[in-house]
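These protein sequence lines map, in sequence, to chains X and U. In this text, residue positions in the first sequence follow my numbering: the first is 1, and each later residue adds one. In this text, residue positions in the second sequence follow my numbering: the first is 1, and each later residue adds one.
Counterexamples of contact, computed for chain X against chain U with all Cβ distances above 10 Å:
#	residue
1	65
2	100
3	295
4	330
5	332
6	384
7	425
Simulated pairs of lysine-lysine, DSSO-like, Cα-Cα distance not exceeding 30 Å:
#	chain 1	residue 1	chain 2	residue 2
8	X	321	U	319
9	U	319	X	319
10	U	113	X	321
11	U	319	X	113
12	U	321	X	321
13	U	405	X	321
14	U	405	X	319
15	U	113	X	319
16	U	321	X	113
17	U	405	X	291
Stretches of chain U that chain X covers, calculated by requiring three or more beta carbons in the stretch to come under 8 Å of a beta carbon on chain X:
#	region
18	233-244
19	336-345
20	364-377
21	399-412
The set of hints was computed from the structure by calculation and includes no laboratory data. Don't be surprised by glycine CBs; every beta carbon is placed ideally from N, CA and C.
Protein chains: 2
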Amino acid sequence: MHRIYIQGTIYPEIQVGMREIFLDDKDIPSLRIYDTGDASHAKPIRSTWPKPAEGLTQRQAAQKGIITPEMEYAAIREGMPPETVLKELAEGRAVLPANKNHPECEPMIIGSKFLVKINANIGNSALGSSIEEEVEKMAYAVKLGADTVMDLSTGKNIHETREAILRKCPVPIGTVPIYQTLERGDLCWENFRDTLIEQAEQGVDYFTIHAGFLRDYIPLALKRTTGIVSRGGSLIACWMQTHKQENFLYTHFKEICEILREYDIAISLGDGLRPGCIADSNDEAQFAELKTLGELTKIAWDMGVQVIIEGPGHVPLNKIKENMDLQLELCHGAPFYTLGPLVTDIAPGYDHITSGIGAAVIGMLGTAMLCYVTPKEHLGLPNKQDVRTGVITYKLAAHAADIAKGNPQALLRDKALSRARFDFRWEDQFALSLDPETAESFHDGASHSEFCSMCGPDFCAMRNTRRIGE
Amino acid sequence: MHRIYIQGTIYPEIQVGMREIFLDDKDIPSLRIYDTGDASHAKPIRSTWPKPAEGLTQRQAAQKGIITPEMEYAAIREGMPPETVLKELAEGRAVLPANKNHPECEPMIIGSKFLVKINANIGNSALGSSIEEEVEKMAYAVKLGADTVMDLSTGKNIHETREAILRKCPVPIGTVPIYQTLERGDLCWENFRDTLIEQAEQGVDYFTIHAGFLRDYIPLALKRTTGIVSRGGSLIACWMQTHKQENFLYTHFKEICEILREYDIAISLGDGLRPGCIADSNDEAQFAELKTLGELTKIAWDMGVQVIIEGPGHVPLNKIKENMDLQLELCHGAPFYTLGPLVTDIAPGYDHITSGIGAAVIGMLGTAMLCYVTPKEHLGLPNKQDVRTGVITYKLAAHAADIAKGNPQALLRDKALSRARFDFRWEDQFALSLDPETAESFHDGASHSEFCSMCGPDFCAMRNTRRIGE
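All chains, full assembly: derive it from the sequences and hints.
Put into structure tokens, the structure is as follows:
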């Protein structure tokens, strides 16, 4: 009997959305345990762990050949040896985001050699949502399978919202610190630095920082059909235009890295110039910034900081590969983390799908983490149901990428589900699916019937096949 | 002022879901007419048209160099010269499905040189649905943009349901005649032939016929994880197994083509062996049948019959290209018509998305028509809302493929929508979108506000860009 973790966490005391497959003696995957814990049970598991690499970031430890407990934990989740995790970390092709002040975080690894990860964005805006709602969205996203969560709050109670989320969250939390900087008053280096330290102390695991958007790139953005569509990017552009100075995130980059290194926070180099429409995709503005992100990668790496590169936005299917190829070349193999890309502009209300298409393709090509898009993109703040739709759509896109990359764990799950389907084991089919609740609610046959209402009993092809084979 | 049709039909007396873009003097696409007619207004427009090619199929006319009114009409809809339509038809790379007895059908062309088309499946099963419901689903699918509709009824009143649909339907109707054959009694050539003639007389525009599934292929199918998943394929397999004879659709293929030629019905060579799970994709069974479909293509072509080749099912992203390449090679360039493909098995309830991903990719690679999949796939009979979700998902997948192929009409629509978005012309944005009603219902800002609740007023990047540019 062989046991395989297919989704969720691995420690029984946590068990958030855990699923397992058991293989029988003939290696037929047919049994499973399906258990949904509750993300709000997150406990500070890392608080009691040994610290073999005290004072070092995971990158620095890896470079010294030290396998930390975090690396070991992440390796188990991937079904890979810890040496692989160490190697990918040491060479910068992966990150293990785990702020020393976020002991609730279960270690996980993001890199193209590993399972493709997905991020769910939550957070309030000036126009709505409460702390409770945001914590609920986080727990819901994690239970459904989000690998990381970004709190993008820009409204009221940003600190308190984040604190409530962090203390209950078993996955890495990311933020875009420039949003909260505006709460402290004017946008400037000092206010930004203080915000970084405040959030670092709380335990944020990775920061999106738009340090690669240089003043020279503003004219390139103004030529576009939809200009700048990154919130952080547009704030920095306004600041540079008003002060007629270079981006302070660029000029203070080493000081930023010093702070991040202290807590072992990964830097996610933001793409302030990601294209907001098909017409702007793969343009001079986008690739100029990408080149600068590559330069900053080297600086951060030299200082021991783990680096992620942010990318895409709106990119047609035929131009996705160019993005991936250029990112690998310009950013020296650092993991790519993309929003979608959305492969057309014309489907507001369905942009989880337009972007899920691009996400699956860029994931197959080597992108390490996919930032979800909900049906509300371009239209409004997502609610809990939108979070569900976004997470499941991205889990399936990431899984499609894993399948295309030949990941054995991923392939096994498809095979197990399809065997259950062919055997009319409906309950096993649902348990192995990404969203058992929805699948079951759509099934209108009896739970033991050998057909469903789509075809009825006489036209069920699988039922007919079974008869032929008998 | 330049006027461009972007969706729907072109004759003012019909106007089903018609949309147009107007370009101003500076070629800025900003105005539009948005008009939703009602599919149930379909009139027999072709009944008064001249018949320059009396007695000939569209293929035969094209080979003689005759541009029929149908070719001319289809060309206008594509924004292409009728000579291109003629050439693609003559060489078999496209079909123009228009049964002489379906005068309500507005001519359209399916081929890789043209806009990627989508098909919506409707039809009852033994477990439910009425004639009225099915007519309503048809009208709804056409209004939302379905380019063809297949009536896959297997339940009661198949003849009456189809008659009601055909007489109100402005798009080509396809069927799988073997389903109704069972109504006449035993499955056999005589009952099948009589069913073909009955449906041909009514005006069905294309038939799916599983003539390429040979007896030798049964053992290949029985080795699979999920066997045969095509309803028609499984019926033929049962017949071959019971009678220990070769597929009668294969042995009577020329007689079938004679009937089809008389009415100018296109044959859609069915893929009885399409893979039903990732593990069975691109296997021996699938490609053995594809080779036979290629042989049948030549026979049908020689008899003047228009041919479509059916394909995919469940295929991972990394194996899609092999399908397209082999189809082009084995089937001599005949248009490919695929179900999805679904790029993973693990998302029942979301298979419109798992298949929309594969559909966009295979469409980009040259597939001419995409058969939609609804969220109910594998679980139950789709209702009206499922039809909506399926059609819009496939419209966006087909459009993403058109964009990737560089179709100028398609690119213009994205640009027009994105300009409207950047200008905060919310109503234009919705009008240009695939599902204006849904987009508008998701927008929670005021219709003239320069932001939405996703970011709120201070964090709207596009608003900030406009300020920088001022």
